[in-house]
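**Q** Residues in the sequence shown are numbered from 61 upward in steps of one, following our numbering.
One thing to keep in mind: the hints can contain errors.
Pair by pair, the computed Cβ-Cβ distance ranges are [to be verified]: (1) Glu163 / Glu186: 30 to 40 Å; (2) His184 / Lys151: 46 to 56 Å; (3) Phe166 / Leu192: 35 to 45 Å; (4) Leu157 / Glu195: 48 to 58 Å; (5) Ala187 / Leu157: 44 to 54 Å.
With a straight-line cut-off of 20 Å between C-alpha atoms, the simulated DMTMM-like cross-links for lysine to aspartate or glutamate are [as the list claims (entries may be wrong)]: (6) Lys197 / Glu186; (7) Lys182 / Glu172; (8) Lys198 / Glu186; (9) Lys196 / Glu186; (10) Lys159 / Glu147; (11) Lys151 / Glu163; (12) Lys182 / Glu194; (13) Lys151 / Glu135; (14) Lys134 / Glu146; (15) Lys177 / Glu161; (16) Lys144 / Asp155.
FYI, nobody ran anything at the bench for these hints, they're computed from the structure. By construction, the Cβ of each residue, glycine as well, lies at the ideal position given by its N, Cα and C atoms.
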Amino acid sequence: MVCSGFTDDGHASMMSWLRDSDRSSSIGTVEKFNLGYFDPEYFLEHEFDGEEEKAPVRHGQHVEELDPNAVLMKEILMLKSRVKEEEKNNKILYDALIKHEFELAFQDQLIEEMESKIIVEKMHNEALSCQLVEEKKKIEGVKVFSVACLSVAPTLGVVLFFMIEKM
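Build the full structure now, drawing on both the sequences and the hints.
**A** If you want it as structure tokens, here you go:
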């Protein structure tokens with residue numbers, strides 16, 4: 061018999077379950093065929109045989125818990141506690157959601173106020189830039205006028221400067 065690298069305690073291959081027709085596995089052939097060990101139809105036929113019988117008591121489990129009503133009541137209590145826990149978690153999440161909504165509303169309000177201030181400042185800057193352009197035009201006009209006057213009459217230029225500055 062060819063063995064894979066994995067063997068059980070009897071040194072039989074751990075992969076021997078793949079060879080259904082091979083009778084050289086560690087499980088006896090009598091057990092195989094008597095119990096329907098490898099026969100899926102046997103499992104399907106006998107799946108619900110022990111349904112009327114009570115399940116065997118597991119380690120750490122009380123006999124009262126095997127009573128169908130007690131089992132159902134226990135499940136109901138577990139579900140009720142789960143519902144309470146979920147409601148508690150939902151309340152915590154809802155409170156956090158409301159808190160974040162208030163923070164977002166406050167931030168939106170701040171953004172709107174800042175945008176309105178920016179608009180006002182832009183309008184103020186435009187007005188100042190218009191005044192600056194007008195002042196530059198006045199200065200250019202004064203320079204042109206003073207240069208023209210100085211070139212015509214150098215002695216009168218001092219007087220003209222005085223007159224222009226008064227304007």
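**Q** Does each hint fit the structure? Answer for all of them.
**A** Consistency of the hints with the structure:
no.: 1; hint: Glu163 / Glu186: 30 to 40 Å; result: holds, 35 Å
no.: 2; hint: His184 / Lys151: 46 to 56 Å; result: holds, 49 Å
no.: 3; hint: Phe166 / Leu192: 35 to 45 Å; result: holds, 38 Å
no.: 4; hint: Leu157 / Glu195: 48 to 58 Å; result: holds, 56 Å
no.: 5; hint: Ala187 / Leu157: 44 to 54 Å; result: holds, 45 Å
no.: 6; hint: Lys197 / Glu186; result: holds, 17 Å
no.: 7; hint: Lys182 / Glu172; result: holds, 15 Å
no.: 8; hint: Lys198 / Glu186; result: holds, 18 Å
no.: 9; hint: Lys196 / Glu186; result: holds, 15 Å
no.: 10; hint: Lys159 / Glu147; result: holds, 18 Å
no.: 11; hint: Lys151 / Glu163; result: holds, 18 Å
no.: 12; hint: Lys182 / Glu194; result: holds, 18 Å
no.: 13; hint: Lys151 / Glu135; result: violated, 24 Å
no.: 14; hint: Lys134 / Glu146; result: holds, 18 Å
no.: 15; hint: Lys177 / Glu161; result: violated, 24 Å
no.: 16; hint: Lys144 / Asp155; result: holds, 16 Å
Checked against the numbered hints given earlier, the structure breaks hints 13, 15 and satisfies all the rest.
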